[in-house]
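Undergrad: Based on these hints, arrange chains B and C on the given structure of chain A.
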Amino acid sequence: MATLHVLSHSPFSDSRLSSCLRLLGANDGLLLSGDAVYALQPGSAQLRALEMMPDSIGLFALDEDLTARGISAAQRAQVVDYPGFVELSCRFDKVNSWL
Amino acid sequence: MKFAIALFSAPHAPSSRRALRFAQAALAGGHEIVRLFFYQEGVHSASSNVVTPQDELDISGEWRDFVREQRLDGVVCIAAALRRGVLNAEESQRYDRPAANLDDPWALSGLGQLHEAAQVADRLVCFGGP
Amino acid sequence: MRKSLLIISRQAPWSGPGAREALDIALAGGAFDLPIGMLFLDDGVFQLTAAQQPKTLQQKDLSANLQALPMFGVESLYASARSLQERGLAENPLTLAAEPLDDAALAALIDRYDQVITL
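Chains as they are written, first to last, in my numbering: chain A, 3 to 101; chain B, 56 to 185; chain C, 236 to 354.
Don't take each hint at face value.
Here are a few chain A residues that face chain B, going by a calculated C-beta distance under 7 Å [what the hints assert, rightly or not]:
| # | residue |
| --- | --- |
| 1 | A4 |
| 2 | S15 |
| 3 | S17 |
| 4 | G36 |
| 5 | D37 |
| 6 | I59 |
| 7 | Y84 |
| 8 | F87 |
| 9 | V88 |
| 10 | S91 |
| 11 | C92 |
| 12 | V97 |
| 13 | S99 |
Worth flagging that the hints you see were computed from the coordinates, not collected in a lab. Glycine included, every Cβ here is placed at the ideal spot set by N, Cα and C.
Bound-form chain A, shown alone:
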């Protein structure tokens, strides 16, 4: 049962992203929202870690949070809006938000 993991904390001041990366299943997805989109910052170790994920793991980022922060999504990430977020939560079997 594939899980969509949702993060919203900055990976530079919080351990949720690294904890999450260790627990990802082969068909899970990862949606970055809020400050978690800083993980896509070019040149960061966090982006390198995300780029090392197997291709089977979907990487998504919420468009408004990228735009607000002036971050352009890396090629690896698929940008979604709210309808896209809803669609993802239907596509995956469950949603695990790291509160």
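TA: Chains B and C in isolation, oriented as in the chain A frame:
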């Protein structure tokens, strides 16, 4: 699909707005929201006493309008709410407090409502943190 | 079929009501006879250490409340072996019979449950 949406953050947290936009998108996409359940700091997102400066987004007001207009089942966890001073008229009388800050359309109830919603829904989606 | 719910508790015990409120979700689910699991991850494993004296902080004893989990029918209890190891707790006795699982086993655990709440 049937969604149960749980909110764990106060109205000034970006995740409270994110939950609201998600809920609106879910309904716009033809999905159903079986219940909204507000827990932990989420109880503040239902407070009717939040006063937002005029040029800022009033998220607790938007939540209230959304729940009313869409006739949703908006439940605020009673234990979490009492602990944080979010009371309806009945509770403010019961505990002899000077004011109530929770009103229609919100209902105070227990954690069983979260579990029941999770059982009925196809998806439980939680929002909280920043 | 009742849906199973895994509660992942990541909060240290005395950093606010977070740990207690995560436990309350598990206990409420147990009271309704739902299939509930609880996983202690990251700082959440600090909830399981012995010799805590929360009275000095004028707090109720969370350890004692955790003992209620099996009584409420919540017997699927797990802890991250890595989180324990990182915090120097791998060899310490835990106050709750939580099964230590490595990362791969945790991924499989999350996969098994219908729903997850991570607090």
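Undergrad: The hint names G36 (chain A) as touching chain B; please verify it with the least Cβ-Cβ distance against 7 Å.
TA: It holds, given that the least Cβ distance between G36 (chain A) and chain B is near 5 Å, below 7 Å.
Undergrad: Taking 7 Å as the limit, does the beta-carbon of V88 (chain A) come near enough to a beta-carbon in chain B?
TA: Holds, because the Cβ-Cβ distance from V88 (chain A) to chain B comes to roughly 5 Å (cut-off 7 Å).
Undergrad: Taking the least C-beta to C-beta distance, is D37 (chain A) closer than 7 Å to chain B?
TA: Cβ of D37 (chain A) sits 6 Å from chain B, so the hint holds.
Undergrad: Given F87 (chain A) as an interface hint, is the shortest Cβ-Cβ distance to chain B below 7 Å?
TA: holds, 6 Å
Undergrad: Holds or violated: A4 (chain A) as interface residue toward chain B, Cβ cutoff 7 Å?
TA: violated, 13 Å
Undergrad: Checking hints one by one. Is I59 (chain A) an interface residue toward chain B, by the C-beta closer than 7 Å rule?
TA: This interface hint is violated because 20 Å lies over the 7 Å limit.
Undergrad: Hint S17 (chain A) vs chain B: min CB-CB distance below 7 Å?
TA: Since chain B brings no Cβ nearer than about 13 Å to S17 (chain A), farther than 7 Å, the hint is violated.
Undergrad: The hint names S91 (chain A) as touching chain B; please verify it with the least Cβ-Cβ distance against 7 Å.
TA: holds, 5 Å
Undergrad: Per the CB criterion, is Y84 (chain A) less than 7 Å away from chain B?
TA: holds, 4 Å
Undergrad: Do the numbers back the hint for S15 (chain A), that is, is its least Cβ distance to chain B under 7 Å?
TA: violated, 10 Å
Undergrad: Would you settle whether the hint for S99 (chain A) is holds or violated, based on the nearest Cβ-Cβ distance to chain B being less than 7 Å?
TA: Given a least distance of 4 Å, the restraint on S99 (chain A) holds.
Undergrad: Please check whether V97 (chain A) passes as an interface residue: C-beta within 7 Å of a C-beta belonging to chain B.
TA: Nearest chain B Cβ about 5 Å off; hint holds.
Hint compliance for this structure: hints 1, 2, 3 and 6 are not met, and every other hint is.
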